[in-house]
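Participant: With chain A fixed as given, assemble chains B and C onto it according to the hints.
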Amino acid sequence: MADLVSYVIRKILLAIPVILLATLIVFLMLYLTPGDPIVAIMPPHATQADLQELRAKYGFDQPFIVQYGKFLMRLLHGDMGQSVARSTLNVDVSTLLMQRLPKTLELMAIGLTISYSVGIPLGVFSALRQNSWKDRSVMVFTLIAYAMPSFWLGILLMLLFSVYLGWLQAEGTVGGFSSIILPALTLGLGNAALTTRMMRSSMLEVTRQDYITQLRSRGLPEREVILKHALKNAILPVITVIGLDIGWFVAGAVVVETVFSWSGVGMLITTSISNHDFPAVQGCILVLAIFVVLGNLIADIMYAFVDPRVRLG
Amino acid sequence: MTPSKKPVLEIKGLRTQFFLHEGVVTALDGIDLTIYENESVGIVGETGCGKSMTAFSVLRLVPHPGKITAGSIWFKGTDLTKLTNDQMRGIRGKQISMIFQDPSTSLDPVFTIGSQLGEVISLHQNIYNQEELNKRIMRVLNLVRIAAPANVMKQYPHELSGGMKQRVMIALALSCSPSLLIADEPTTALDVTIQAQVLNLLKDLVRGVGSSMMLITHNLGVVAETCDRVCIMYAGRIVEAARTDELFGKPQHPYTKGLLAAFPKLGEQKDELSVIKGTVPNLMKPFPGCSFVERCDYAMEACRRVRPMMLEVSPEHFVSCHLYLGGGEKTDVS
Amino acid sequence: MRLRKGLNDRLLSWKMSGGFKQTVADILERSSRNSMVVIGMTLIIVIVALALLAPVLPIADPTPSELFLEDRTLPPSSDHWFGTDELGRDVFSRVIWGARVSLTVATLAVVFSLMIGVVLGLTAGYFGGVVDYIIAGTIDLFWTFPAFLLALAFAAALGPSLANVILAISISYWAGFARLMRGQALSVRERQYVEASRALGAKNIRIMFAHVLPNCLSPLIVWASVGVADAITIESSLSFLGVGTQPPTPSWGYMLFRGIPFLEEAPWIATFPGLVLLITILGFNLLGDGLRDVLDPRMKGMRR
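Protein sequences appear in the order of chains A, B and C. Okay, so the first sequence: first residue is 1 according to this note's numbering, each after it adds one. Okay, so the second sequence: first residue is 1001 according to this note's numbering, each after it adds one. Okay, so the third sequence: first residue is 2001 according to this note's numbering, each after it adds one.
In case anyone wonders, no lab produced these hints; they're calculated from the structure. Values in this document were obtained by computation on a predicted structure and should not be read as measured data. One thing to keep in mind: the hints can contain errors.
Claimed, not checked - Chain B is nowhere near these chain A residues, computed Cβ spacing over 10 Å in every case:
(1) 28
(2) 41
(3) 47
(4) 73
(5) 222
(6) 275
As the list claims (entries may be wrong) - DSS-like mimics (lysine-lysine), calculated; alpha carbons at most 27 Å apart, straight line:
(7) A:232 to A:11
(8) A:228 to B:1154
(9) A:232 to B:1154
(10) A:11 to A:134
(11) A:228 to B:1094
(12) B:1285 to B:1257
(13) A:134 to B:1094
All residues carry an ideal CB built from backbone N, CA and C; glycine is no exception.
So here's chain A without its partners, still in its complex pose (with noise of 0.2 Å):
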């Protein structure tokens, strides 16, 4: 059990490097834009004094170093700048932004728990059946619906559904089951492609060892070898890439986002550039960064769990 302590603790620590790292991509961003950047955070109609206040308040004059300070000190009491937009003019990015999480996280549960109720069971189906049709069937399937950028297969989706079957409604968050469904599918068949790919060669892997075979020879029934033992051995890797997967959905909730026209903060970033909005899009940026390295985090606490070996290294 200690070991399991030491390793969450590690984890933790090691985590926020890579959130300070976040934060300052997110600072450089604003020096980054052509031109002057005060331009960008910048309120239209702005007086001279609202310049003045803002070039203090963020100390454009002063050394990097201690602007990078005040950034990181707004950020800790919660303050993201304020919404250039017309149409959100001086809310609060930070009020912006909790109004569109949770519709993110809705999005983003619902695709994670389709990915992965279709592709491992999908994946293990395949290792099973290896070399069959019906596995060089879901292989060129999942290798097409892999190669697909999220933006299509959303597209293609609202094609078959919505415009040939007519079943669902195409955008809005007029809420219920129908309009988070197509989304939600988007994101999760295009993920699912890529679990059950790993599912199965993992499958295959595992299949392979020697302890497979021993526990054969011990008289085991092979269904309790292939689901107790190998399924468990197998999800390992599949879990590592847990981690890897939220990065993927969080970048895929963006695109998908804006295909709907799903309000979450995908949306908002989509609609914030096309704005202008540049502290929005500062905002967003950092939280869907934030999102991705607790997703590691909880990613890699889940698989120490589950692999006694790993609490070691």
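Facilitator: Quick look at chains B and C alone, frame taken from chain A:
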């Protein structure tokens, strides 16, 4: 110890082949082997000669794309080759069990020792009461001389040393008192210092439980220590079989002689290690004659054309070689 | 028939000569038998050829200065193989010119990523110690971030343009290559011929590039191929969101975005670019996967 004359295992004409893209590999080409009650038989040969495949064939665990294509395996009156997989399951782990060579890859890494032992015991002995089960597990661990069994039960395989893992394997194999224990190179992967310990343990336990043992190894020293009888295998065939002391004292087959000569003996003065020239034949190409013909110093014309039969050259001493036609006398056949 | 025989003979003679030529011949032969490589290569060659030949092909101007709005959203016909888009432009032509954009961006991005990653990775792996610690730490930090988010951040900050997209992707994608090279460098530097080289007084840089790098070629090629696929995905996603290539430059992602409102009445506006996009990405993925099988079956599982 005199083994009784009742056979536990009788393999007759066993042929196991692998059907690959490139061709058919004949891993076992007509094996005849008998193991009696309460005896330990060693199967010796170099890598790739089919020793492990014999073990897998007995347990019907030949990996794909291999199959048993001919012969019968009689175990206590039943032909194992004719059983369904379900029926075989009843035999595996309970009546015939197997220890693999490398203990570090033979245990499921994500389950504790206790749970793996418990799994086998509860499966074969129908014990589901956790307390009773734990008692049995402790008893078995004690049997294999593991100190602090209560701790070991909660540990994972990677936390144990090689020697301890192999003891656990032995525990797993003997936990249900099988009639036949197959040990495939049980000490090869262990430190030299541990090898003797584990071997002795194996010997004692097998005797104590009253099992027979098929000990597979390439190490003649191990055989000398533990086995009552020895079979020498070459390229999927058994070339010589005899009681241990008889084989070491009066080896008949040229291959056996070569093997024994290759082992330097204490006190012997030698400038060079003797070797058997040549390499193992390609098992994909069927050959009508004796498989050792390319490397044999005594090869004759007949050796290329006709496969030698297994003959009893002296009581319980069998050889498959054209040098010995007609009961022990060297005959010149042309 | 005769061409194949000629090629076979050439391959055979290469095989006999041993050494480097033999390795190449071996690889070519195994590649030709691997269906993924063949299919992938074919798809890529077709798309690349079309893209390269775009200026000389007898197709419509993808960015006409004058718009024929009466030709808006025409369905596919013999005049317009893929139909016309919402501004009356020929979709087929825009798709082909879009290929030029995507392929250029992706290839350049991968090349830059590769350069950054290889240099950093080799340095870290070869020198070890503090240098390795710092670089490896940086690699891990960048590795955790989804490349797309990084690219999005940079593209949004720098402003949308072709060059910026290339830059953004390069900065986001190098970690994969660096990781790879570092691992390879770590394992190779312990080997004998490196020790021998050093003993002979060769400079470190020379050792790195002359000895370590050639051995890492196989996984690099595989990753580069997959990298192009990923880069195309990122570029088209960025264009879709409006931070990539700007109109009127044809870009698949952007065309798909513009096609969404017309899905019902004119699905071809989005579908054809989407299909070609899919085929291109698929082609590079197949090539990468297939090459991985051919070059080193032990590399399986190195995805991502």
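Participant: Does each hint hold? Answer for all of them.
Facilitator: We went through each hint and held it up to the structure:
no. : hint             : in the structure
1   : 28               : holds, 43 Å
2   : 41               : holds, 52 Å
3   : 47               : holds, 66 Å
4   : 73               : holds, 46 Å
5   : 222              : violated, 8 Å
6   : 275              : holds, 51 Å
7   : A:232 to A:11    : holds, 23 Å
8   : A:228 to B:1154  : holds, 19 Å
9   : A:232 to B:1154  : holds, 18 Å
10  : A:11 to A:134    : violated, 41 Å
11  : A:228 to B:1094  : holds, 20 Å
12  : B:1285 to B:1257 : holds, 26 Å
13  : A:134 to B:1094  : violated, 36 Å
Of the numbered hints given earlier, the model fails hints 5, 10 and 13; all others are met.
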